[in-house]
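Model the full assembly from the supplied sequences, consistent with the hints where possible.
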Amino acid sequence: MEMVKQNPAATKIKPMLTRSQRKHQRLKRKTILWAIIVSLILVFSFFATYFTPNDPYETNPLAMRQGPSAEYPFGTDNLGRCVYSRILEGARTSIFATIMLVIISFFVGTVIGVLCGYYGGVVDDIVMRFTDILLSVPQLVLAIAVAGILGGSLMNTLIAIGITSWTSYARLARSHAMRIRQLPFINACRLTGCSDFHIIITHVVPNLIGPMLVNATLEIGTTMLSIAGLSFLGLGVAPPTAEWGSMVSEARSYLQLAPWAVFAPALAILLTVMLFNYFGESVCDLANSQEA
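Number 69 in our numbering belongs to position 69 of the sequence shown; there are no gaps in the numbering.
No lab work stands behind these hints: they were computed from the structure. Beta carbons: idealized from backbone N, C-alpha and C, even for Gly. Just so you know, not all the hints are guaranteed correct.
As the list claims (entries may be wrong) - Beta-carbon label-pair distances, calculated as ranges: (1) T18 <-> S69: 31 to 41 Å; (2) M274 <-> S253: 20 to 30 Å; (3) I201 <-> R29: 26 to 36 Å; (4) Q25 <-> P68: 38 to 48 Å; (5) P259 <-> I149: 29 to 39 Å; (6) L150 <-> R19: 28 to 38 Å; (7) G67 <-> V43: 23 to 33 Å; (8) F51 <-> I159: 27 to 37 Å; (9) I103 <-> P206: 17 to 27 Å; (10) S20 <-> D55: 51 to 61 Å; (11) G151 <-> R22: 18 to 28 Å.
Next comes the structure, spelled out in structure tokens:
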């Protein structure tokens, strides 16, 4: 009888994924999806000025407190300015000010935490006690006090919030640096004559950058709410600069006459913070699944 040759490729069995591997793939796809959405928001907010149908700073006494229409999609405010155009213009201020503050806090807190955790000693004790003092005071309360002293402006708002926002990064980086410095391969690097700077840059920082980035993504929504809160209280971005928190503050006095002037920027804050929080949670879940 003639033997039929079987194709080895046809008989190849696709390996079955375990439950944890399937969960990891689902989390990875979810994280990629949220990353794409967040990236689109950042790109759109950067070029939002080119999509404004009207001048966001032009006042029109004849169009005061008009309802949503084809000319003014989200209506107008008490000065006749287009609310929709001001929301698009304020997206750059609200979102990129938040991103910039998170990046600065991430860098400052990571550097301080790594140095304290790697070297320890008296400096570490002094810095950590100082961070404990800052953490003992509610962040927003301290930011209000600092912003009240410095005055209302975007730069002063970033300084007021940034005074305490670096502390969470510093404590997290310190704990990871203390753990990493005791590992055997770090001692081997010291025996081979590697300098502390080389060990920190080559081995310590790459091994803690993952948890630090996860913490940074989770802090974006909180930081955005803090900036909007200070602007709402009149301690942040000064009018007439378009910023979502200050827009809500300006329009609250005539809420019953033009509710759209309050609800539109408030909804923009809500949706943006939710999207960034979902992105941060997905990154956190993905990191936890890799460690499991």
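Here is what the structure says about each hint:
| no. | hint | verdict |
| --- | --- | --- |
| 1 | T18 <-> S69: 31 to 41 Å | violated (57 Å) |
| 2 | M274 <-> S253: 20 to 30 Å | holds (27 Å) |
| 3 | I201 <-> R29: 26 to 36 Å | holds (33 Å) |
| 4 | Q25 <-> P68: 38 to 48 Å | holds (43 Å) |
| 5 | P259 <-> I149: 29 to 39 Å | holds (34 Å) |
| 6 | L150 <-> R19: 28 to 38 Å | violated (53 Å) |
| 7 | G67 <-> V43: 23 to 33 Å | holds (31 Å) |
| 8 | F51 <-> I159: 27 to 37 Å | holds (31 Å) |
| 9 | I103 <-> P206: 17 to 27 Å | holds (19 Å) |
| 10 | S20 <-> D55: 51 to 61 Å | holds (55 Å) |
| 11 | G151 <-> R22: 18 to 28 Å | violated (55 Å) |
Hints 1, 6 and 11 from the earlier list are contradicted by this structure; the remaining hints agree with it.
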